[in-house]
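A.B. asks: Letter by letter, the chains look like this.
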Amino acid sequence: MKFTEYLKYLLIGTGFGFVLMKSEVVSWFRIQEMFRFDAFHMYGIIGLAVIVGIISVQIIKRNNMKDAQGNPISIPPKDPSQVKRYLIGGSMFGLGWALLGACPGPMFALLGSGLTIMLIPIGAALVGTYTYGVLRDKLPH
Amino acid sequence: MLDLLYQPWPWYIAGPIIGLTVPLLLLMGGKMFGVSANLRHACAACNFGNVEFFNYDWKTAGKWNITFLVGSVLGGFLGGYVFANPEPIALAQSTITDLQALGIQDFNGLVPDDLFSWGSLGSAAGLTVLVLGGFLVGFGARYAGGCTSGHAISGLSDLQLASLIAVIGFFIGGLLMTWFIYPIILG
Numbered sequence: 001m002k003f004t005e006y007l008k009y010l011l012i013g014t015g016f017g018f019v020l021m022k023s024e025v026v027s028w029f030r031i032q033e034m035f036r037f038d039a040f041h042m043y044g045i046i047g048l049a050v051i052v053g054i055i056s057v058q059i060i061k062r063n064n065m066k067d068a069q070g071n072p073i074s075i076p077p078k079d080p081s082q083v084k085r086y087l088i089g090g091s092m093f094g095l096g097w098a099l100l101g102a103c104p105g106p107m108f109a110l111l112g113s114g115l116t117i118m119l120i121p122i123g124a125a126l127v128g129t130y131t132y133g134v135l136r137d138k139l140p141h
Numbered sequence: 001m002l003d004l005l006y007q008p009w010p011w012y013i014a015g016p017i018i019g020l021t022v023p024l025l026l027l028m029g030g031k032m033f034g035v036s037a038n039l040r041h042a043c044a045a046c047n048f049g050n051v052e053f054f055n056y057d058w059k060t061a062g063k064w065n066i067t068f069l070v071g072s073v074l075g076g077f078l079g080g081y082v083f084a085n086p087e088p089i090a091l092a093q094s095t096i097t098d099l100q101a102l103g104i105q106d107f108n109g110l111v112p113d114d115l116f117s118w119g120s121l122g123s124a125a126g127l128t129v130l131v132l133g134g135f136l137v138g139f140g141a142r143y144a145g146g147c148t149s150g151h152a153i154s155g156l157s158d159l160q161l162a163s164l165i166a167v168i169g170f171f172i173g174g175l176l177m178t179w180f181i182y183p184i185i186l187g
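If you read the sequences in order, they're chains V and G. If you use this note's numbering, the first sequence closes out at 141, no skipped numbers anywhere. If you use this note's numbering, the second sequence closes out at 187, no skipped numbers anywhere.
Next up, chain V with everything else stripped away, as it sits in the complex (with noise of 0.2 angstroms):
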């Protein structure tokens, strides 16, 4: 990889760190009250984040569009068969969201915030991660 494309890659992050910190997605009042049903914050930006996704992905596929280096853009599909790796371990990841009210995604924009305990679950995380690794041929898939 370039040198440019590494510059590319950091601003779309930057972008998408930016904009959880500025939606409050970050925020483990956020997640507390979207699971309490109390507001509809949440629910509008994942709602429109999906509306929008799907549409692009519709234009880009239909179009047969290539990427930026002119290769053919495939989406690798899930197998949707295995349904108890994504009940349970999507049952998993939800006690685990609601429990530290973040995602991967806002633990690290919350790191950058100045929040430093967030090394802690973020440490958490890895280890979670591991030990995944490690038992993955005794869990159910």
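Take the hints with a grain of salt, since some may be wrong.
To be verified - Cβ pair distances, simulated, as ranges:
id, chain 1, residue 1, chain 2, residue 2, range
1, V, Val127, G, Gln105, 28 to 36 angstroms
2, V, Tyr43, G, Leu159, 14 to 22 angstroms
3, V, Ser74, G, Ala84, 23 to 31 angstroms
Stated by the list, open to error - Covered stretches of chain V, going by a simulated chain G footprint (3 or more residues, C-beta under 8 angstroms):
id, region
4, 2-10
5, 16-29
6, 44-50
7, 88-100
8, 122-133
As the list claims (entries may be wrong) - Below, a sample of chain G positions facing chain V; criterion: calculated Cβ distance under 10 angstroms:
id, residue
9, Met1
10, Ala14
11, Leu24
12, Cys43
13, Ile66
14, Ala124
15, Phe135
16, Ala166
Honestly, the hints are just simulated from the structure, not real lab data. Glycine included, C-beta positions come from ideal geometry on N, C-alpha and C.
Add chain G to chain V, keeping to what the hints say.
C.D. replies: Okay, now just chain G, sitting in the frame of chain V:
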């Protein structure tokens, strides 16, 4: 104009911008938006004990994504430190009332000081939130094959049934935690 950088952004502005991350990454290099893959890349970079799941060329697979993540930290610094909103979040009053009843006292920042400070590591509740919460996010994201960005945004954008099942799982876990387990943890 500069006020806009300090103020919180409404959902109808933030949602579409977050959604645009998906086509931007696809058009830039055919990349699928997903933050939690970086946790796997970090494990692959170390891979103590030579675990098979982490035996892959993480540099080729993940350099772009790790760069994206570094950007997110930078964006957090800009949005949450340089241009931090000085006002408390305009939360629903019912949420504030519920949380006060659970013992939360600090409503000033993005997260309550009661749970998110180095001192809170000394309390059972703080330790549970920070350590168990982080662990479940990391374990669950990999088990489910993605997190909020990979499944709820990217996967649903591509109309993948697997991602819809995962998002239903996210809400099963999240509702259980919020309504039944959190009151015990904070009690």
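A.B. asks: When the hints from earlier in the document are held up against this structure, which numbers fail?
C.D. replies: 3, 9, 14
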